[in-house]
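**Student:** With the hints as your guide, set chains R and P onto chain A.
Protein chains in written order, with my numbering: chain A, 1 to 225; chain R, 1 to 249; chain P, 1 to 638.
Misleading hints may appear alongside valid ones.
In the DSSO-like style, the derived pairs of lysine-lysine whose C-alpha atoms are separated by at most 30 Å in a straight line are [what the hints assert, rightly or not]: (1) R:K47 to P:K184; (2) P:K253 to P:K631; (3) P:K184 to R:K20; (4) P:K253 to R:K11; (5) P:K477 to P:K504; (6) R:K20 to P:K253; (7) R:K104 to R:K16; (8) R:K6 to P:K504; (9) P:K496 to R:K47; (10) R:K25 to P:K6; (11) P:K297 to P:K638; (12) R:K6 to P:K602; (13) P:K297 to P:K6; (14) A:K6 to A:K129; (15) P:K497 to R:K11; (16) P:K484 to P:K612; (17) R:K20 to P:K504; (18) P:K184 to R:K196; (19) P:K508 to R:K25; (20) P:K6 to P:K33; (21) P:K602 to P:K2; (22) P:K184 to P:K484; (23) P:K529 to R:K146; (24) A:K129 to A:K46; (25) P:K2 to R:K47; (26) R:K47 to P:K497; (27) R:K6 to P:K253; (28) R:K16 to A:K85; (29) A:K193 to R:K11; (30) A:K146 to A:K157; (31) P:K253 to P:K6; (32) A:K6 to R:K104; (33) P:K383 to R:K25; (34) R:K91 to P:K2; (35) P:K484 to P:K297; (36) R:K25 to P:K497; (37) R:K146 to P:K383; (38) R:K11 to P:K504; (39) P:K33 to P:K213.
Hint data in this document are derived by calculation from the structure and do not stem from the laboratory.
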Amino acid sequence: MNWFTKAITSTIGRKIVVAFTGLFLCLFLVVHLLGNLQLLANDGGKSFNLYAKFMTTSPIIQTISIGNFVFILLHIIQSTILTIKNRQARPVGYAIVENRSTWASRNMGFLGSFILLFLVGHLANFWWKMKFGEMPIIGIDGMQVKDLYFVVSEAFKDPLIVGLYVFSMVFIGLHLSHGFQSAFQTFGLHHVKYTPLIQFIGWVFCIVVPLGYAIIPVVMYLRAL
Amino acid sequence: MNLTLKVWRQKNANSKGEFKTYHVKDISPDMSFLEMFDVLNEELLLKGEDPIAFDHDCREGICGMCSMYINGHPHGPGQTTTCQLHMRSFKDGDTIVVEPWRAKAFPVVKDLVVDRSAFDRIIQAGGYISVNTGNAPDANEIPIPKEVADAAFNAATCIGCGACVAACKNASAMLFVAAKVAQFAMLPQGQVERKKRVEQMVAQMDAEGFGACTNTGACAAECPKEISLANIAILNREYLAAKATSEYV
Amino acid sequence: MKLDSKIPEGPLAEKWSRHKFNLKLVNPANKRKYEVIVVGTGLAGASAAASLAELGYNVKAFCFQDSPRRAHSIAAQGGINAAKNYQNDGDSIYRLFYDTIKGGDYRAREANVYRLAEVSVNIIDQCVAQGVPFAREYGGLLANRSFGGAQVSRTFYARGQTGQQLLLGAYSAMSRQIAAGRVKMYPRTEMLDLVVHDGKARGIITRNLITGKIERHSAHAVLLCTGGYGNVFYLSTNAMGSNATAIWRAYKKGAFFGNPCFTQIHPTCIPVSGDHQSKLTLMSESLRNDGRVWVPKQAGDTRPPYEIPEEERDYFLERKYPSFGNLVPRDVASRNAKYVCDEGRGVGASKLAVYLDFADAIKRDGEAVIRAKYGNLFDMYEKITGENPYKTPMRIYPAVHYTMGGLWVDYNLMTTIPGLYALGEANFSDHGANRLGASALMQGLADGYFIIPYTLGDYLATIGWNDRISTDHPAFKEAEQAVKDQIGTLLSINGKKTVDQFHKELGKIMWDYCGMSRNAEGLKGAKQKIRELREEYWQNVRVGGSNEELNITLEKATRVADFLELGELMVDDALHREESCGGHFREEYQTPDGEALRNDEKFAYVAAWEYKGPNQPAALHKEDLIFENVKLTQRSYK
Chain A
1 MNWFTKAITS TIGRKIVVAF TGLFLCLFLV VHLLGNLQLL ANDGGKSFNL YAKFMTTSPI
61 IQTISIGNFV FILLHIIQST ILTIKNRQAR PVGYAIVENR STWASRNMGF LGSFILLFLV
121 GHLANFWWKM KFGEMPIIGI DGMQVKDLYF VVSEAFKDPL IVGLYVFSMV FIGLHLSHGF
181 QSAFQTFGLH HVKYTPLIQF IGWVFCIVVP LGYAIIPVVM YLRAL
Chain R
1 MNLTLKVWRQ KNANSKGEFK TYHVKDISPD MSFLEMFDVL NEELLLKGED PIAFDHDCRE
61 GICGMCSMYI NGHPHGPGQT TTCQLHMRSF KDGDTIVVEP WRAKAFPVVK DLVVDRSAFD
121 RIIQAGGYIS VNTGNAPDAN EIPIPKEVAD AAFNAATCIG CGACVAACKN ASAMLFVAAK
181 VAQFAMLPQG QVERKKRVEQ MVAQMDAEGF GACTNTGACA AECPKEISLA NIAILNREYL
241 AAKATSEYV
Chain P
1 MKLDSKIPEG PLAEKWSRHK FNLKLVNPAN KRKYEVIVVG TGLAGASAAA SLAELGYNVK
61 AFCFQDSPRR AHSIAAQGGI NAAKNYQNDG DSIYRLFYDT IKGGDYRARE ANVYRLAEVS
121 VNIIDQCVAQ GVPFAREYGG LLANRSFGGA QVSRTFYARG QTGQQLLLGA YSAMSRQIAA
181 GRVKMYPRTE MLDLVVHDGK ARGIITRNLI TGKIERHSAH AVLLCTGGYG NVFYLSTNAM
241 GSNATAIWRA YKKGAFFGNP CFTQIHPTCI PVSGDHQSKL TLMSESLRND GRVWVPKQAG
301 DTRPPYEIPE EERDYFLERK YPSFGNLVPR DVASRNAKYV CDEGRGVGAS KLAVYLDFAD
361 AIKRDGEAVI RAKYGNLFDM YEKITGENPY KTPMRIYPAV HYTMGGLWVD YNLMTTIPGL
421 YALGEANFSD HGANRLGASA LMQGLADGYF IIPYTLGDYL ATIGWNDRIS TDHPAFKEAE
481 QAVKDQIGTL LSINGKKTVD QFHKELGKIM WDYCGMSRNA EGLKGAKQKI RELREEYWQN
541 VRVGGSNEEL NITLEKATRV ADFLELGELM VDDALHREES CGGHFREEYQ TPDGEALRND
601 EKFAYVAAWE YKGPNQPAAL HKEDLIFENV KLTQRSYK
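Just chain A, with the same shape it has in the complex:
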């Protein structure tokens, strides 16, 4: 093995990969949320559909999105390997464990797995249809555009889907509550002056971002009533 593969297969190296990809995915969450918020624009889906078209056709976005998938994959692979290794590090467990750590920090694997399930459903529902599936077409300013807004608003008429979506955001929030700050710790960014700030941002982030996502289906559901 050369120095690089040695580095990224060491425990700390794997963690750094998880942290780096995790932080990138945080960024993705923000961008994605900003786009999604256009669902609430109350313009019959015009701005949202234009945004969706741009996102699916722009070459730059296409490249970034490949990177995004690669990062998700890396995030999953490295953390799965780490989880397996971590389990192996304690072959015989304790009879009694009283924890002095947060629940989320101990259950990132479980939270992450659930988020993966959600992601699969989410992609199948919207992204797959948009990219490869049959979609109703709508004309905007003389352009023929796939009407993703219609698909989304139809989906969010189902209280089950809305509930599931909101529920999933709680999981993402919990995952972020540990993951965001933890990533900075893994990079070694610890400082008496700045760590409290990072922690504060982490808390804000893990509440505001999932909340922003959760508001959308709820508002759309209520509007459609």
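**Tutor:** Structure of chains R and P alone, referenced to chain A:
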């Protein structure tokens, strides 16, 4: 006070262990936890039973030898070593469950005794400053800011007991390694071997079969010497920087 | 046999340099042909193992703990002395020498003590280079504190964990050599006998504490760095495992035992809380820098401390010793605490304690300053007693802490068996009848880092690398069989009393009759009691289990068997020394105001005892102490 103890008994490294229940009577609240075990062991011996093997030596909280996992915490409730845990922390009638440290890298030797030689091998991999006897310049030649010396000292107080490993859900030794790496990374004397040290110590830590750090903070919360989690951040950045810039391929 | 201390000729200040020049050297290429055994990995052992391995020798190191880092040197708190004179307060090598000789009540060798003071400065340099985080001033330079028995600030410290930090320094240096393959480490292995052939030390017999396997190890030289024997008292500040077995078995193989009765009772320990007590915890004597020792003036005063007004308190050390006050040497402080308790003025439930009060210091410097200096000691006190020393005075009482006696060694640290060396607390050499605070760390490291690397080479060069016997030699076989026989006997007795019960009884005899103050009648009775107890031990001790396993009772049993013999030798020594000096206080020999009364005419010598066989009286050899540089005076700290 009277107590019920459930203690892990295991004849040797290869045998299967199990919990056994014991009752101890007239325990004084001023006794240390280990003195309570002394009382129990004397009784067992006179009854013709095998006394419970446990590690201990200085009984003043500094040698790091004692290592019992008590009621779900390494060294029991409170942030201390087992030898400094006193029976006044328990109530009459309590049931206390005592287990050995659990980690692949710390195999059980007998009963509550585990083998922590993995820690020694990690130190052997680089937890030193290479200075032969007689080579040293005058001690006051290099001034070290008090704040730096104090911070290095805080990291250096690790007693190598392994409570961090015992507490971590991943049985990770990161806090132990971090304490040594951070101590030397902060001091001017540690600069020469700074990169090599962290690379070798982490490689040894991985080879011993310890888990990875997932930043739960359980180690620092249980550490009897209150080694800070900040040291793990220092270890992470030392490792990242060393891997990226060192000359060792 | 005539004792030859091998003290070099010449003026005091030049003895060591001259001697170093006169010592034979081993060619660097030949060093790898020599094997050296180091038993014990405390400050003396770890520093010796590391330094010898750095020179190129093959070293085998042994410790009974699970890791060499846990040796009991780790528990030393206060600090380490060195004649650096960084504080510009008049310190010098000569002053450290003088203070140590005087503090030891003129029962140590001038030449050894001077050398100790001389190399003290190198120790600090070496430790700082290793990354030992000593306390520093804001300017970044090293800080010092003052300590008992000295009027200069020469003590270097790392909060209250100086021993730990120094040991980790030596341990890491040794770890480097383990990685390099020059030191082979045997943890959880206990030395049970010394192998002597042709009058020379040839190796050791050990027991693997996990498997019970008895093993033979051969070498050109054996270094015993196994610490003191304070645990003969059962209750002491030593670690539970600290024992005398290595030096005792060497004694029985022909090494003389020097000044066995010189025991230091440390004044500032946490008092005993009940019968269950398994060990005593020391609190660094540096506490006496800021704490004031007092008891109520009235005997039987049961009021809590805060209800006793200033004028009804007796700050007895400040009253009796106005110039040294609370910083008088340890023996003086301990004995005075005993006196006030004997007068019925002791405090706490047991009435066997005095107050150590920080109220004035906290008022003067603020709690933060006191916390920075002593925080960990205060925390430790609170954990053990459940009382907060920031609010209420500590209760302290003397406890056995250090043994100045040990194997007799010459200037080269070699015992009377050629090839057998004793370093650190295991030898008798530098502290005379009383050790000054912060000097044990200094001596352990001086012996290991800066003395043995020179003196051992002289012996090895003299004998040559061929002068070694293999482990198949009958001498090894015989020694191994003796060890196995003893273990077999212990396991077969199956009596009614546990090892700890015997140990506690022995401890009580020693504390009552051979402790802080001694008299002929008591000592004679104690000798008889120890003999009886020892006889009973070999008929009625219960050791369960077998040899071929981790057997914690068997480990204790072999150690206590040796303590039961050593106790008697200590009593013999205390009985024969008809004077009071340092830690040895004979009630028959005191000044009118109750101070120790030395008899320099008759007793200015080292008592070196030679083993003469089981239940035979040991033979006394005298090494006269010659003082050419200091004038013997009655110690006065008034």
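**Student:** It remains to establish, for every hint, whether it holds in the given structure.
**Tutor:** Going through the hints against the structure:
1. R:K47 to P:K184: violated, 41 Å
2. P:K253 to P:K631: violated, 37 Å
3. P:K184 to R:K20: violated, 38 Å
4. P:K253 to R:K11: Judged against 30 Å, a Cα distance of about 36 Å means the pair is violated.
5. P:K477 to P:K504: violated, 34 Å
6. R:K20 to P:K253: violated, 45 Å
7. R:K104 to R:K16: holds, 15 Å
8. R:K6 to P:K504: Roughly 28 Å between the alpha carbons, so the hint for K6 of chain R and K504 of chain P holds.
9. P:K496 to R:K47: holds, 10 Å
10. R:K25 to P:K6: violated, 59 Å
11. P:K297 to P:K638: holds, 21 Å
12. R:K6 to P:K602: violated, 61 Å
13. P:K297 to P:K6: violated, 52 Å
14. A:K6 to A:K129: violated, 41 Å
15. P:K497 to R:K11: holds, 24 Å
16. P:K484 to P:K612: Status holds; Cα separation ~22 Å.
17. R:K20 to P:K504: Roughly 29 Å between the alpha carbons, so the hint for K20 of chain R and K504 of chain P holds.
18. P:K184 to R:K196: Judged against 30 Å, a Cα distance of about 23 Å means the pair holds.
19. P:K508 to R:K25: holds, 25 Å
20. P:K6 to P:K33: holds, 27 Å
21. P:K602 to P:K2: holds, 19 Å
22. P:K184 to P:K484: OK: K184 of chain P and K484 of chain P at ~25 Å, within 30 Å.
23. P:K529 to R:K146: violated, 56 Å
24. A:K129 to A:K46: Measuring from Cα to Cα gives roughly 18 Å; hence the hint holds.
25. P:K2 to R:K47: violated, 53 Å
26. R:K47 to P:K497: holds, 11 Å
27. R:K6 to P:K253: violated, 46 Å
28. R:K16 to A:K85: holds, 23 Å
29. A:K193 to R:K11: Violated - the C-alpha atoms of K11 of chain R and K193 of chain A are around 51 Å apart, more than 30 Å.
30. A:K146 to A:K157: holds, 19 Å
31. P:K253 to P:K6: Between K253 of chain P and K6 of chain P the Cα gap is close to 22 Å, so the pair holds against 30 Å.
32. A:K6 to R:K104: holds, 22 Å
33. P:K383 to R:K25: holds, 23 Å
34. R:K91 to P:K2: Status violated; Cα separation ~64 Å.
35. P:K484 to P:K297: The given pair, whose Cα atoms are some 58 Å apart, is violated under the 30 Å limit.
36. R:K25 to P:K497: holds, 20 Å
37. R:K146 to P:K383: holds, 28 Å
38. R:K11 to P:K504: holds, 29 Å
39. P:K33 to P:K213: Judged against 30 Å, a Cα distance of about 27 Å means the pair holds.
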